[in-house]
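Asker: Chains as they are written, first to last, in the working numbering: chain H, 1 to 336; chain U, 1 to 286.
None of these hints come from the bench; they were simulated from the model. All values reported here derive from a predicted model rather than from experimental measurement. Check the hints yourself; a few may be wrong.
Said to hold, decoys possible - Restraint-style ranges between C-beta atoms, simulated for each label pair:
(1) H:I310 x U:L180: 37 to 43 Å
(2) H:H170 x U:R85: 50 to 56 Å
(3) H:A186 x U:I183: 50 to 56 Å
Claimed, not checked - Partial list, computed: chain U residues near chain H (C-beta under 7 Å):
(4) R86
(5) V97
(6) G101
(7) Y268
(8) F271
What the hints assert, rightly or not - One side of the interface only, derived from the structure: several residues of chain U facing chain H at Cβ under 8 Å:
(9) L93
(10) L105
(11) L259
(12) M262
(13) A265
(14) L276
Positions of the beta carbon are idealized from the N, C-alpha and C atoms, including for glycine.
Letter by letter, the chains look like this.
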Amino acid sequence: MPQTDSTVRTRPISLPRLLKGKNLGVVLAILFFAAYPLVITSPFYVQIIIRVFVYAIAAQAWNIIGGYAGQVSLCQAVFFGMGAFTSAYLMVHYDIIPWIGLIAGAILSMVLAVIIGFPTFRLVGRYFAIATMGLGEIAQIIVLNTSLLGGAVGIWLPVLPDSFKYMQFHKSKLPYYYIAFVIAIATYAAVAWLEKSKIGYYLRAIKADQQAAESLGIDSRKYKLIAFMISAAITGIIGGFYANYVLVVDPFSVLPRSFSSMLLLMSVIGGVGTLWGPLYGAAIVMPLTELTRGFLGAGGRGLDVMIYAILIIIIILFEPQGIQGVIKRVKVRLAR
Amino acid sequence: MLTVIQVALTGLLTGFAYALIAAGLNFIYGIMGLINFSHGASLMLSMYFAYWAWALFGIDPIFMIPINALLLAVIGVGIYKGGARRVINSSFLSQAVLTFGIASLFVSGAQFLWETNFRLVDAQILEGGITVGPFEFGLPHLGASVVCALAFGILYWFINKTEMGRVIQAVSEDRQAAALMGIDTERVFTLGWAIGLACVGVAGAVVTTFFPVFPTVGDRFVLYSFVAVVLGGFGSVSGAFIGGLVVGIIENVAGVFVLPAMKMAIVYALFFITLLVRPMGLFGRY
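Same shape as in the complex, but just chain U:
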């Protein structure tokens, strides 16, 4: 029993990372109705940035958090201005194809530049573990989850308590009405991509502290963040966050009861069932 709780808590920690990534994904979807299939590939890039900063310059991933956020925000704006802008009003297929293409480009580019070896950051400021009662937690893991929670807190505050946040909510609710009220939707979309990918930047930097980096690492995280978004509900950033936590817990707990290799199947099964039974998730709007 104790093992299950320990495992669940460890899963919860990883869940914070899934949650932040999912929040970013949902942020973009909520604003412009575009499912960003390149979200995972962007995460992979941010992980590589953090890794290389550490490997080449000795910069601890912790310091890369703000830098990554900035870099990925720039990439996000680039993706938007470079192409996503044109498919916002197109069919789902066009959006899917574009973002799949971007994802392939990032992944193959990473393979080309950095090969497929697994890279691991193994000497950092936050090291070792901490014991709380009968439970043990890795310090990097704990630090990562704290940062993700903080980042989400900032995101939540931004969306709900600031003027710009309300503007963004308006555009999410009804793009045309918002435009009629004088809101520059183009700017909001750009901001949406910037923030959505900044989340990925932060998540990437912290995940690098406990997870290896390789070109296809994004796949795993993005699929889990899709599950999180579906669980929490499309259109709800907080829902996505909670969904991410749930995914983290379930992934780990499932690993106790079934073959660890099958735990991903359990998560996807949950995903599938949610889609069938309650496609709007827990808090979703669509």
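For reference, chain H alone in the conformation it holds in the complex:
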């Protein structure tokens, strides 16, 4: 898997290479998703995939710190909420366009990541996890009680006529779809690069054995912080997008602990610490829950959660590497 020299690409991008093996898969996937909303025009089904993108991006962001670096973060909702609230607040109070709001949200999330990470990264694995869990709770409670951010009601973005500048599209969901799609491509490309970069190797070393890594001269806290910042920035950006997509931002929808844990669970289902794991996870869980809810559970009876809970239990017991693990096993089987 690791090539000879990871930082220098000596082979140019060319059509034959693009069509080889796993690259072909990626190209096909991109074409599929690009064409999807043009073929399946029903808003319900387009909306499902938009949500898949949102979660796939957020789960991949978690994957950077939780999967690659091995630091199980349960406070990702805080960054998502930070991005969402920043964008919404700037829009409502200062008429700042969402595109800038997204960047602002990302920056603030990064700052928050450093503030959170600095004291907590010295904690060992499980303590870090429950510390972030506590932080997530604190964040939700504080925002719930901050009238500046709308308290329990939250911030409602004004519904404006269709405009690219203000990221509002009402005649069709397509622009939202493609914006999310582009963010997804950027995120996955970034993580693909990260995986093969020096930082990526350092993170994996830290995950495998932090003490050994440190004895080799790797500044674990620095790289954990970098990973956390990247993770927070991405989550902040997609949080900002989400705010402009649904036009309502409140502490119950963007800051719940269920959001943080869902990112984790999706990544595990798909394959934690792998490039495509979060996408597989999101692509399976999101449609599963949306369709179950749409067709079976108008009463909010929790059937969708039950199905995905059973799924996660089965996966963790029988194939902890998730779907990526299943794929590997199949490949090994076929290669014999």
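Got chain H; can you put chain U on it based on the hints?
Answerer: Below, chain U without anything else, positioned relative to chain H:
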């Protein structure tokens, strides 16, 4: 000033429930190093058992205490044999994911079966209040705390004064050495889950006497019991118990000085600070 003491004492009563739940959580962690994120969901189930026994059969929650303990012990063994056993030696992530999954399953199952309404037991044997000096206490509340204290007493006696208790301590200290000495660790783990969840069963039955029941009620209690475990120290059951009492007191006292809605934030802040400053808590071993 009197209000503060009154509030603190009321908090202390609730604290006994947190304490017992935390003791159960810590018991499991101490023996096998597994943080059980489904502890709260199990509490929720035990509360529902007590509620339905009362609603359908008129059984007062007091009588459900031993029944609940038994039922939850069975559930605990089920969780262990059904899945937890396989992740005992796995990464923290696997353990967290499994127990999160079980918690989701319980909660969504409860939502599906019993809907999200708040249910309250409102006619029971122990009712009304009692006045001790300038302070008032609800009788159900008082009864609950007495039962929890007793349950903990039994747990403490079991761990420290019985042969089996010493076996359990041995496994907590060094699993491999214990196995080399001929201890059946599998049996100890099973017992650990059974007892850990039996604590939750008892706590659930008594909490139902003064707290409403709904599918996500476990969340609140389990987070507080996490705080209690951290305060008291991972690995120390008595520490967790004291931690629970502290949480109960702080939660209520904080409610006097800040917005009641923010009192949970104060508790979590304390939790966070303890983790940073003294992660092994007051009596912890890890």
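Asker: Determine for every hint whether it applies to the structure shown.
Answerer: Do the hints match the structure? See the list:
Hint check: H:I310 to U:L180, Cβ distance near 38 Å, so the stated range 37 to 43 Å holds. Evaluation of the 50 to 56 Å hint for H:H170 and U:R85 yields a pass: the beta carbon distance comes to about 53 Å. For the pair H:A186 and U:I183, the supplied restraint of 50 to 56 Å holds, since their beta-carbon distance comes to about 55 Å. A hinted interface residue such as U:R86 counts as satisfied when its beta carbon comes closer than 7 Å to some beta carbon of chain H; here the least separation is about 6 Å, so the hint holds.
Here the hint on U:V97 is kept, as its CB sits about 5 Å from the closest CB of chain H, short of 7 Å. Of the supplied interface hints, the one on U:G101 holds, with its beta-carbon coming within about 4 Å of a beta-carbon of chain H, less than 7 Å. Hint on U:Y268 holds. Least Cβ distance to chain H is approximately 5 Å, under the 7 Å limit. With a least beta-carbon distance of about 5 Å to chain H, the hint placing U:F271 at the interface is held under the 7 Å criterion.
The closest approach between the C-beta of U:L93 and any C-beta of chain H is roughly 6 Å, which is under the 8 Å cut-off, so the hint is satisfied. Annotation: U:L105 was flagged as interfacial toward chain H, and the flag holds, the nearest CB pair being 4 Å apart, inside 8 Å. Hint status for U:L259 relative to chain H: holds, with the closest Cβ pair at about 6 Å, below 8 Å. Of the supplied interface hints, the one on U:M262 holds, with its beta-carbon coming within about 6 Å of a beta-carbon of chain H, less than 8 Å.
Using the Cβ-Cβ criterion of 8 Å, the hint placing U:A265 at the interface with chain H is satisfied: the shortest such distance is roughly 4 Å. Given the 8 Å rule on beta carbons, the hint for U:L276 holds: about 5 Å separates it from the nearest Cβ of chain H.
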